[in-house]
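Colleague: Residues per chain, in single letters:
Protein chains: 2
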Amino acid sequence: MGRFTIEEMREMAKTIFLKAVSAVDPYQRLKTIARIDRNRLIIEENGTSQKVFNLSDFERVYLVGTGKASSSMAQAIEEIFGNRITKGLITTKYGHGLPLKYTEIIEAGHPLPDLKGLEGARKIKDLLKMTGPRDLVIFLISGGGSALLPLPVDGITLEEKQELTQLLLDCGADIKEINTIRKHISQIKGGWLARWAFPSTVITFILSDVVGDPLDVIASGPTVPDTSTFQDVWEILKKYSLINEIAISIRDHLQAGREGKKEETPKAGEDVFEKVHNMVIGSNIIALRAAEKEFSSAGFNTMILSSSIIGETKEAARFHGAIAREVASTGIPLNRPACILSGGETTVTIRGSGKGGRNQEFALAGAFEINGLEKAVLLSGGTDGTDGPTDAAGAIADHTTLIRASQKGLNPVKSLENNDSYPFFKRLDDLLITGPTRTNVMDVRMVLID
Amino acid sequence: MGRFTIEEMREMAKTIFLKAVSAVDPYQRLKTIARIDRNRLIIEENGTSQKVFNLSDFERVYLVGTGKASSSMAQAIEEIFGNRITKGLITTKYGHGLPLKYTEIIEAGHPLPDLKGLEGARKIKDLLKMTGPRDLVIFLISGGGSALLPLPVDGITLEEKQELTQLLLDCGADIKEINTIRKHISQIKGGWLARWAFPSTVITFILSDVVGDPLDVIASGPTVPDTSTFQDVWEILKKYSLINEIAISIRDHLQAGREGKKEETPKAGEDVFEKVHNMVIGSNIIALRAAEKEFSSAGFNTMILSSSIIGETKEAARFHGAIAREVASTGIPLNRPACILSGGETTVTIRGSGKGGRNQEFALAGAFEINGLEKAVLLSGGTDGTDGPTDAAGAIADHTTLIRASQKGLNPVKSLENNDSYPFFKRLDDLLITGPTRTNVMDVRMVLID
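Those protein sequence lines, which keep their order, are chains A and B.
Quick note on the working numbering: the first sequence kicks off at 1127 and runs consecutively.
Quick note on the working numbering: the second sequence kicks off at 1127 and runs consecutively.
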C-alpha cells in the first residue's frame, strides 16, 4: 500500500541527495546570488536584495581565498568580475586547483599544514597589507581553510604550533579552548586577516562545514571578531598545567600578550570590522531546504529535523528510527508518505577493524531501526562525496535490507559491531557513490516512510 | 523579546507535565472511555464508538488483573460495573492496594516475583478455567504485570526461572530472546491467560509502559497471540550454549516442547483469541498528545517528535539540543515560540557514583545544549513520579541553569560525569517533584524555545 513503490522511493532519495548537494555547490551558489549590473555588485537571494556595492567606489579588486573549494569559488568570482580583478591569490589542497585566469593558485598540505600553505598565507597577508580605503577584497572561505592558510606569529614555527595542538588534544582540551590558543599565536585566524585588509572593504563568502555555521569557527574566522583574550589563553594553559610544556617561543609570545605587550586579536566594535561583510553562501541547512522542496513537490509530507545532529552515529540512527516508527504507527509528526531530513555530522567510536564511514554506519544501524516497517527508505551521505576512508559518499537502506543481507549470507550485527559497513552495502549494491562533489556542508540524511 | 517570560515558560512546563500525566491516569481513562448504558457496555473514545457489548449476553462478569496500577484500574471497573461483578481478583505490588468492594487484592513482590504473586497467578488461572462461553472477563494490565503474575509450568520453580533469566542476561541475550523463552515456560505469558479464559469473552485494558506499545511485550502479553515457537527457544539456547547450563526441569520441558510433547503457546488465528479484545487505554503518545494540546492552546507551535526515544540519555539530550538550536536559529522545524515534545525511555550508562535518574540526567545534559540560547526551557519527567532511586520525577532546566549553577559553586560538568544530577537540581531548586502518580507510561520530555 502507499503512494510510492520502494524502488521509486530509493531512486528519489538518491536523485534528491544529488540535488541537495548541487544546491550547495559554491560555484553555482556564487553565480546565483552575486552579479554585476550597471557597475554595481548585487548580492541577493530569493529576490530579496541583500547588499549592493557601487563598484565605482573602488579602485582595485583583490580576490583571495583558502579552502578545499576555493578554486571553484574563485572561478565563479572571476566569471562575475572578469578583468575588474586586479590581483588574486588562493590556497587550496594538493590536486584541488582548477584553471583560473586572474588568480594565482598555491596548492598546499591538508589536513597537516606545510610550507606551501605558509608561503600562501604570507603572500596573502602581504597583499592585503597594501590595500587602501578604496579597495575591495573578495575573500573566499571553505572547509580546510584553517590548515591551508597557516601563519604563526613571527618566531613560532609550524612544528611548534602543531606540537601545541597535539598537547592540547592529549590533555582533553575542547575545540573551543584549542581555537582560543591558536587564534592568539596566528597572524590569520581570529580576525587577523580583516586587520591586514583594513581599511579596505571586505566581502567574505563562506561555505560552512561546521555545525551551526559559527563564523568565528569556520576556517578559524579570519575576518570575524574574536571574543577571547590572552588572559583566557593563560587560564587554559594553567588549567591543563601546560605552561612549562609548550615551546619557549610560544610561551614567550603568550606571556608578552598577557602583559599587554602584544596586540590582542581584533574585537567586535573595532574599526577593523566596519567594512567587513561575512556571508554564508552554502551550509547544511541550505542543502536540507533544497531536499525539502524536492520531496514536498514529489508529494511527501516533509520535515527538516535539524541541521545540527552530532553525537554517536548509532545513537543518531536510533533517534531517527524512533521518529520513523512513530510516523508509521501514529502519523506523528507527519502523515505518510513522510520524509524526515536531518543534517550535521556524527562521530563513530571505532570498536572494530572494518571499513566504513559515519554515513554508511548510520545506514547500517538505521536498517535495524526500519526493519519491520511496511515501507521505508533511509539514506545518509556526505555532501563532499566521501565517507570515511572509502570511495562511497554513504549508503542507502530500506525495510528489506536485513532480509536481503541474510539471503546473501551477510551478518549485519557483526558488520555493525566491527564498523564494517562498506563491504556490507557494497555486497547489497546499496552504496551511494557520487565521486568528489567540490563542496562540503557535512552530511545529509533522509528517512522516507510510506 | 519573545512572547513569554522564562518564569511563565517554566511554570507552564511543570503544569502541563502534570496534565499529561493526568491524561494517562488509568482510573480516569477507564471512566472516560467505558460506560454502561441500558445494559450495554460502551467503550468509546473521542465520540467515535469503538465497541459495544450487550451485557445481557453474559451470565457472569469476572474482573482480574495485574500490575502496579491494577487497583486503581479495578476501582474504575467496579464503579462502572457495580454489583454486576461476580468475582474479582487482582495482584499488585506491596503497598499498592486500594479499597475494592468486589475484588480480592493480593499484594506481591516486584520487581522480583515471589510466592504471593505465584498464589495470585494460580488463583486467577483457576478462576478463568471455570469460565464458560457466556461469561465476560475484564482483564487489567499495567506495568510490572509480568513479575506480579508469575506461574512457571508445573515442575519449574520460580528460582529456576529467575536463574534462567539471569543466565540469558549474562550472555547478552536481547529482550526479545528472553521473552521467547519465558513465554515457553509460563502458564500466563504469551497468550496462556487467554487460553484459560477461553471460551469466554475477554476485554483486556492495557496501560502501556513499553516503547511502541507492543501488546505481546507489555506484561508479556497474557492475552495476546505468541509468534515464537519451542524451536525458536531451542535455537536461542544453542546460540548461547546454554542447553547444559539451565535447570534440568526447564531443559526437560523445553526438550519435550520441541518434540511436540507439550502444547505450544497460543497462536494468532486460533479460536482462543476469537473473543479477545485487547485495548491500550494509556500510553506515552496519549500523554504527549495531551501536552501538545495544552501547549498549542497556550500559543506554542508544538510538535511531537516521537514517543519512542530510547538510547543513551546524554545522546538523546544532544538530539533535542540540536533541534532546539535549529528552532532558535532558523525557525526550523517550528517558529518560536516553539515546543518540542518527546517520549519513551532512555538509559543511563553509569560511570559515576552520584545520585540521579535518566530524567534528571537528561535535564542536566540538556542544560549544556540550551545554554546560550536566548530563552529556552527543558523538562524531563517520569510519568510514574519516580526517576531512578530518588524522590523526584525529573528536573527542569533552562538557558540560565549553567550560570545559576556556577553562581552557587556547582560544577555541572562534574555532576554529569558522576551521574550526580539529583543534588545538582536540588541545590538549584529545579527538581520536578510530583509524588507517586498511580500511572506509568514512561517519560515525557519538553523543550520550549521562545
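Just so you know, these hints were derived from the structure itself, not from any lab.
Keep in mind that a hint or two might mislead.
Here are the computed distance ranges between Cβ atoms for each label pair [to be verified]: (1) A:G1498 to B:I1168: 32 to 40 Å; (2) A:Q1292 to B:R1377: 52 to 60 Å; (3) B:I1529 to A:E1171: 32 to 40 Å; (4) A:I1301 to B:M1405: 50 to 58 Å; (5) A:E1371 to B:R1477: 25 to 33 Å; (6) A:I1304 to B:Q1533: 23 to 31 Å; (7) B:N1461 to A:M1256: 26 to 34 Å; (8) B:I1304 to A:I1369: 54 to 62 Å; (9) B:G1298 to A:K1393: 53 to 61 Å; (10) B:D1300 to A:L1241: 20 to 28 Å; (11) B:A1382 to A:I1529: 29 to 37 Å; (12) B:K1540 to A:L1241: 39 to 47 Å.
From the three backbone atoms N, C-alpha and C, an ideal C-beta is built for every residue, glycine too.
Colleague: Now, for every hint given, state plainly whether the structure supports it.
Modeller: Checked hints:
Evaluation of the 32 to 40 Å hint for G1498 (chain A) and I1168 (chain B) yields a pass: the beta carbon distance comes to about 34 Å. Checked against the hint of 52 to 60 Å, the pair Q1292 (chain A) and R1377 (chain B) passes, with Cβ atoms roughly 58 Å apart. Range check, I1529 (chain B) to E1171 (chain A): Cβ separation about 36 Å, and the 32 to 40 Å hint holds. Checked against the hint of 50 to 58 Å, the C-beta distance between I1301 (chain A) and M1405 (chain B) comes to roughly 52 Å, which is consistent with it.
Checked against the given bound of 25 to 33 Å, the beta carbons of E1371 (chain A) and R1477 (chain B), roughly 28 Å apart, stay inside it. Separation of I1304 (chain A) from Q1533 (chain B) is about 27 Å and conforms to the stated range, judged on CB atoms against 23 to 31 Å. Separated by about 47 Å at the C-beta atoms, N1461 (chain B) and M1256 (chain A) break the suggested range of 26 to 34 Å. Here the CB-CB span from I1304 (chain B) to I1369 (chain A) is close to 55 Å, well matched to the stated 54 to 62 Å.
The hinted window of 53 to 61 Å between G1298 (chain B) and K1393 (chain A) holds, with their beta carbons roughly 55 Å apart. Between D1300 (chain B) and L1241 (chain A) the Cβ separation comes to about 55 Å, which falls outside the hinted range of 20 to 28 Å. Taken as a hint, the range 29 to 37 Å holds for the pair A1382 (chain B) and I1529 (chain A), whose Cβ atoms sit roughly 32 Å apart. A hinted range of 39 to 47 Å holds for the C-beta pair K1540 (chain B) and L1241 (chain A), which are about 43 Å apart.
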